[in-house]
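2 protein chains.
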Amino acid sequence: MIVIGNEILSGRTKDKNLGYIAERLTALGIQLREARFVADDMEAIADAVNAARAKYDYVFITGGIGPTHDDITADALAHAFGVGIDHNPEAVAILEAHYEPGMLNEARLRMARTPDGAVLVDNPVSRAPGFRVENVYVFAGIPAIMQAMFEGITHELTGSNPLHSRTVSAYLAEGVVAQRLGALQAQYPDVEIGSYPFYQINRFGISIVLRCTDKARLDQAAEAYKQIVRELGEEPIEGEIH
Amino acid sequence: MIVIGNEILSGRTKDKNLGYIAERLTALGIQLREARFVADDMEAIADAVNAARAKYDYVFITGGIGPTHDDITADALAHAFGVGIDHNPEAVAILEAHYEPGMLNEARLRMARTPDGAVLVDNPVSRAPGFRVENVYVFAGIPAIMQAMFEGITHELTGSNPLHSRTVSAYLAEGVVAQRLGALQAQYPDVEIGSYPFYQINRFGISIVLRCTDKARLDQAAEAYKQIVRELGEEPIEGEIH
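So the sequences go chain by chain: A and B.
Residues in the first sequence are numbered consecutively from 23, following the working numbering.
Residues in the second sequence are numbered consecutively from 23, following the working numbering.
Pulled out of the complex, with its shape left as it was, chain A reads as follows:
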């Protein structure tokens, strides 16, 4: 995933798109391997796009496709792919249908510019479309619009076996359980075991997240972990503690 925008890197805007896409991809059986946050800088965007599209099955970009001068994502994509950029007739038609006569000015028409070879991504919220070039999807940065665009293309994505997941929590210090957890991981190399300490008022604990494509193996590992918790004198709790 590539998140574009000076406003994120300056701290003015807090990104909400990474969390959304990460969660949805996991549910679709697709592993998000990396995310990059880059400035509104043509070369920085193009470099990030070219590194990612060669390495991963899919690349998702958010931000920088509005009508103002700082929206340069479409140009950066054309630059990255080494292709031209022009007003996309299909996108122009969508905008023409959307705006009242006389309201579709030059700036708004910028939102219809796509790199050559791009396929449009539907925007049911505010019409101005996103687009896809090969394996690179470009969505708006505004979360509500981004989410609608993403949900509109999920049928195009091919996931693998989704990971099953179980979470087991306990009021135990991470340092107390860490060693046995390492041994458990060695015993179940096919189960991804993550350890997430939490702090509450006066109490601290740890949530263990186990993930595996094989449900039976996952349950075995989860039960083995619960046994470890009991041997340490605590009661394992299924799920997270809030």
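Hints listed in this document are in silico derivations from the structure and should not be mistaken for laboratory results.
As the structure is a computational prediction, the values presented were derived from the model and not from experiment.
A portion of the hints provided could be inaccurate.
As the list makes no split between identical chains, a pair holds if one copy fits it or if it spans any two.
What the hints assert, rightly or not - Mimicking DSSO-like on lysine-lysine, the simulated pairs with C-alpha atoms at most 30 Å apart in a straight line are:
{"#": "1", "residue 1": "K36", "residue 2": "K237"}
{"#": "2", "residue 1": "K237", "residue 2": "K248"}
{"#": "3", "residue 1": "K36", "residue 2": "K248"}
{"#": "4", "residue 1": "K77", "residue 2": "K36"}
{"#": "5", "residue 1": "K248", "residue 2": "K77"}
{"#": "6", "residue 1": "K77", "residue 2": "K38"}
Given the structure of chain A, go ahead and fit chain B onto it with the hints provided.
Structure of chain B alone, referenced to chain A:
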């Protein structure tokens, strides 16, 4: 900035550290240029570290320095720098002073391992320290601890002239003002002008953020923008509209 952790990329945990560090760096007159989110993967972390430390003045890393098997940031740093890793006597002493006798087990001692040449970063919250190797700072992933660690090292950072900033909002569609905004940007190339549309119930508008090291130039550009808003029949509002 480099954020480490499968739990972020799977969407399980929503990162809060990027927003914090971005905002604080901006206040300190340091521009955050890029952020990367990488998995708990030795090579992926080392690659991100080596790319960033060659390119930027400072690199800030969060996550992966706890006591469990999935905490591999210290090892990945040693790998990136091509140096050894061992228990840091100073860090061991901190942990020995913190834990009750018999409670400092092997897993907890893992938190005292640092790459050769590392300087410790104080952790006033839960003691186990972060560290710095050359221009790379390594902080804990838990926000409260990360923030305390970051605030403890800000005196070591050299910022440039901090950017002054003004925000002017108006109930105007971005597409209506975009063209004149582009002309304003061309007239004030030394002022960074960002455009952030917002939606409220039944109303939409745009916040313009102007940033410049020169306060007088910033004010000139802000006044020129307010004039544009008035010419479009709307009232400019200083600051953001919530």
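Now the hints, each set against the structure:
1. K36 with K237: Classified as between: cross-chain Cα gap 26 Å, same-chain 36 Å, threshold 30 Å.
2. K237 with K248: within (16 Å within a copy, 61 Å between copies)
3. K36 with K248: This pair counts as between: shortest inter-copy Cα distance 26 Å, intra-copy 37 Å.
4. K77 with K36: For K77 and K36, both the intra-copy (27 Å) and inter-copy (25 Å) Cα distances are at most 30 Å.
5. K248 with K77: neither (38 Å within a copy, 46 Å between copies)
6. K77 with K38: Both ways: K77 and K38 sit 24 Å apart in one copy and 27 Å across, limit 30 Å.
Checked against the numbered hints listed earlier, the structure breaks hint 5 alone; every other hint is satisfied.
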